[in-house]
Each structure stands twice: as structure tokens, then as C-alpha cells.
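J.: Sequence:
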Amino acid sequence: MSNDNPFGKAMDEAAEEQDQEERQSASDFDAEPYYDALNTGVKDHTIGVSVSEEMHQFWRELQDADDLDVDPAQSIRNHLENLSHRHPEVFERAMRKLEIDREM
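Per my numbering, residue 7 is the first one in the sequence shown, and the count goes up by one each step.
Since the hints were derived computationally from the structure, they do not count as laboratory data.
Treat the hints with caution; some may be incorrect.
[Said to hold, decoys possible] As a list, the in silico EDC-like pairs of lysine to aspartate or glutamate whose alpha-carbon atoms are at most 20 angstroms apart:
no.: 1; residue 1: 103; residue 2: 50
no.: 2; residue 1: 103; residue 2: 38
no.: 3; residue 1: 49; residue 2: 77
no.: 4; residue 1: 49; residue 2: 107
no.: 5; residue 1: 103; residue 2: 36
no.: 6; residue 1: 49; residue 2: 38
no.: 7; residue 1: 49; residue 2: 105
no.: 8; residue 1: 103; residue 2: 34
[Claimed, not checked] What follows is a list of derived Cβ distance ranges for each label pair:
no.: 9; residue 1: 87; residue 2: 61; range: 19 to 25 angstroms
no.: 10; residue 1: 56; residue 2: 80; range: 16 to 22 angstroms
no.: 11; residue 1: 14; residue 2: 70; range: 48 to 54 angstroms
Glycine included, each C-beta is placed from N, C-alpha and C at the ideal position.
Please model the entire structure based on the sequences and the hints provided.
T.: If you want it as C-alpha cells, here you go:
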């Protein structure tokens, strides 16, 4: 459909969502326990993200600020959890790989 037609675009998006839901329902993998463990499990792994000097300094100030009610690390964990729900097929693939790694 044409990108100039909002109705057509909405119909395309709805069809894509339905296709995605059908693919998800056809899966025999139960990702729910993994979703539950995402932000509640033991935090014994780290991820590295390259940032600019300015962002690094801002990060440090956020961590050190006593007058702010913010946990930058938790904010990043929350964002990753949100991404897992937004991209369930990628999350499922990652959890399947995790299961394989755990079996070895």
C-alpha cells in the first residue's frame, strides 16, 4: 500500500501484527519464565556500552547525585526489558540460545 494513505498504512501494520501474533502462538517455547527473570534475577553479568566522555561524566553525576531519585543502571535494565517485549521473536531466540548454553 502507499505510504501516502494513512488507512492503507494502518491496514498494513495491522496485518503485520496479526502475522507476528500467529508466528508467536505457533511457537512451543514458553518465554514467560524468562521475562519474569529479566529484571529480578541475580545481577552477576555486565554489558558494555561505549559512550562519549560527556555521557560518561553525566552517568557518574547521576550515580553520585544524592538529591535525585534515579538509578541509571536500573533505567537501562528497564529499557532492555521493554525492548524484550517489543521484539519478542528476538527475545525468544536469545532465550533458546541461553537454554542450549545451559545444557552444555
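J.: With reference to the structure, classify each hint as holding or not holding.
T.: Structure-based check of all given hints:
For the proposed pair residue 103 and residue 50, the alpha carbon gap of about 18 angstroms is at most 20 angstroms, so the pair holds. Restraint check for residue 103 and residue 38: satisfied, since their Cα atoms lie roughly 15 angstroms apart, inside the 20 angstroms limit. Distance hint between residue 49 and residue 77 is fulfilled; the C-alpha atoms sit about 15 angstroms from each other, no more than 20 angstroms. For a cut-off of 20 angstroms, the pair hint linking residue 49 to residue 107 stands: about 18 angstroms separates their Cα positions.
For the hint linking residue 103 to residue 36, the alpha-carbon distance of about 14 angstroms falls within 20 angstroms, and the restraint holds. For the suggested pair residue 49 and residue 38, the alpha carbons sit about 19 angstroms apart, so the restraint of at most 20 angstroms is met. Taking the CA atoms of residue 49 and residue 105, the gap is about 18 angstroms. The hint holds against a cut of 20 angstroms. For the given pair, residue 103 sits about 15 angstroms from residue 34 by alpha-carbon distance, which is consistent with the 20 angstroms threshold.
One distance hint, 19 to 25 angstroms for the beta-carbon pair residue 87 and residue 61, holds here, with the actual separation near 21 angstroms. In this structure the supplied range 16 to 22 angstroms holds for residue 56 paired with residue 80, their Cβ-Cβ distance being about 20 angstroms. Residue 14 and residue 70 have their C-beta atoms about 51 angstroms apart, which keeps the hinted 48 to 54 angstroms range intact.
No hint from the list above goes unmet by this structure.
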